[in-house]
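Use these hints to put chain B onto chain A, whose structure you have.
Protein chains in written order, with the working numbering: chain A, 1 to 405; chain B, 1 to 132.
Note that these hints are calculated values from the structure, not bench results. Treat the hints loosely; a few may be bogus.
[As the list claims (entries may be wrong)] Pairs of lysine-lysine, BS3-like flavour, derived with a Cα cap of 27 Å:
#, chain 1, residue 1, chain 2, residue 2
1, B, 104, B, 64
2, B, 83, A, 229
3, B, 107, A, 76
4, A, 116, B, 67
5, A, 116, B, 83
6, B, 104, B, 67
7, A, 38, B, 104
8, A, 311, B, 67
9, B, 83, A, 311
10, A, 325, A, 395
11, A, 189, A, 76
12, A, 229, B, 43
13, B, 107, B, 129
14, A, 229, A, 116
All values derive from a computational prediction rather than experimental measurement.
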Amino acid sequence: MLTCLKLMDKLNCKLLCWLGLITFNSLAQDNHSAEPFKIHGFVAQGVIDVDGSNFVNNDGDISLELTEIGLNTSYKFADDFRFAAQAVYLNGGNRYNEGLRVDYFLMDWNAYSSEKWQANLFVGRIKNTHWLHSSTRDIPFARPSIVLPQGAYFDGFRDIAVGGDGAALKLTYNNDEYGEFDFNFSRGKSPINSDDAEVILSQLAQGEIEHDLDSQASVYWRPVFSQWKFGLTLLDSEFNYEGETLDFFVDGRFVFQFYTMNAMYEGEEWEFTTELLQTRFLTEGFYAPQFHQDNLGQGGSFQARYKVDQKLTLISRYDLFYADKDDKKGQELEKRNYGTIPSYFGYQHDAMLGFSYDFSDNFRVNAEYHWVEGAARLNPIVLPNPLVNNQERWKLWAVQLMYWF
Amino acid sequence: MVLVMLFGSPVTHAVDVITNISADTASITTTQLRRIYSMRQVKWANGVPITIFVLSSTNTTHQKFCKETLRLFPYQLDRIWNKLTFSGMGVAPTIVSSEKELIKAVKSTTGAIGYIENIDEVSDVNLLKIDG
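Only chain A is shown next, with the shape it has when bound in the complex (with noise of 0.2 Å):
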């Protein structure tokens, strides 16, 4: 019975974003004016197979678990001024919790603008804008692939790493002998819930996990007409858990760092990506008050795009990820953890082939194949499963059909 409420509710609140949809689309298709209400959004719905992990789901049939909705709205309401706010509904299986999100909901001020610099300052929910494809991670039409590279947005993180409450400064320089410059600044909170405690910790985690103010900045440049964009980007972030009477873990202190550096060239035909990332992940109590743990992962990925025709763009990426700079094969975490945890839980790489197709200027379909050997970016990552993760290597394919107005 309570499942089959459960499943209404679900049916509920995805039917609830369709109808949301289909009426602002109306709205929005009479919104080609200058008016400084607007109105956009997307849907997409796919299918996911996964072969070997517990990435989507656990029982491994192929799966419908790949929707997101999405509606956000801006307004305009002096020369400097503007509030803009953004929902998605997300469905991904084990990736991160199902449901309705608040993604954005924010004042901007634009406090400075000259022909060369230009001074923005947001304030309320801000959506992480410092990586590559932070900002655009869940809007389907707008990110490289189905699935991004989890070593960078490992979908776990997603809650957390999407944005939070607080402010964000943006400035942007324009020089006509050096090219084009992107500063961002963000501090912030993420909501994080019980729900979210589970995915990233474990089933087992009782308590509640709470994200302190992180810091984040980043630099862009673009030379002077070139093709050529690089990118710099720092995240400092501090999370504690504090665990229950009864509780299979105690209180604890978790510390993550992120950096990030990224280029990206973007010819006629040819795109190519890199984005080499490091992080540190401090663990202190949680699984014991004397705990102690202090690893560098690093990671990276390397991705090509050809567009054969204004329809047709295929795609290739690999990625690469180490939990443990010094323990690349893993072997070091099977023995601490007395071979409980396989030693394939230290890495995570990922072979990628796929291909977009525009039906229309607002209708795609995109598909993709994906070869992963290592299971250190699967969920729960704090204390990973290895009864469902008992593969090395795991195979996924995913089609997703997308619409955006």
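Then chain B, alone, in the frame of chain A:
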């Protein structure tokens, strides 16, 4: 009434940049146009906010404007605009369905900018000279 005759052969038109008369400018550089279309400059020198009108990214005039005038590919602009729209960090240009509609929108919107290729005569707008 400002009447502008656009020169060029009927077969190979160049893409011309037009603005609302409030923009109060007669010429523009390619780098400045790139700044405007990539939403890095949001006001004219006289402080008037810029409103951008574009044709759809599959329209041949839009593609010609991107590649020949801005020296950008249409997908690069789509990427910038989508990122702004779906992250809440900005507003994308307004898409209109034809050049006639674009001219009408530019004429009637303070601070507006747009481009045309296949129309030989327009009035009540500034036709900008592109200086390098």
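How the hints compare with the structure:
1. Using a Cα cut-off of 27 Å, the hinted pair residue 104 of chain B and residue 64 of chain B holds, with the two alpha carbons roughly 21 Å apart.
2. Distance restraint check for residue 83 of chain B and residue 229 of chain A: the Cα-Cα separation of roughly 15 Å lies within the 27 Å cut-off, and the hinted pair is therefore satisfied.
3. Using a Cα cut-off of 27 Å, the hinted pair residue 107 of chain B and residue 76 of chain A holds, with the two alpha carbons roughly 21 Å apart.
4. A distance of roughly 23 Å separates the Cα atoms of residue 116 of chain A and residue 67 of chain B; the hinted pair therefore holds under the 27 Å criterion.
5. Restraint check for residue 116 of chain A and residue 83 of chain B: the C-alpha separation of about 21 Å stays at or below 27 Å, so the hint holds.
6. About 24 Å separates the Cα atoms of residue 104 of chain B and residue 67 of chain B, which keeps this hinted pair within 27 Å; it holds.
7. The hinted pair formed by residue 38 of chain A and residue 104 of chain B meets the criterion: a straight-line CA distance of about 20 Å does not exceed 27 Å.
8. Between residue 311 of chain A and residue 67 of chain B the CA atoms are separated by roughly 18 Å; this keeps the pair inside 27 Å, and the hint holds.
9. Annotation: proposed proximity of residue 83 of chain B to residue 311 of chain A holds, straight-line Cα distance about 20 Å (limit 27 Å).
10. A hinted pair counts as satisfied when its Cα atoms are at most 27 Å apart, and residue 325 of chain A with residue 395 of chain A qualifies at roughly 24 Å.
11. Simply put, residue 189 of chain A and residue 76 of chain A have alpha-carbon atoms about 26 Å apart, close enough for the 27 Å limit, and the pair holds.
12. A threshold of 27 Å between alpha carbons decides the hint, and for residue 229 of chain A with residue 43 of chain B the separation of about 25 Å falls inside it, so the pair holds.
13. A hinted pair counts as satisfied when its Cα atoms are at most 27 Å apart, and residue 107 of chain B with residue 129 of chain B qualifies at roughly 18 Å.
14. Note on residue 229 of chain A and residue 116 of chain A: the hinted pairing holds, with a Cα-Cα distance of about 18 Å set against a maximum of 27 Å.
Checked against the numbered hints above, the structure breaks none of them.
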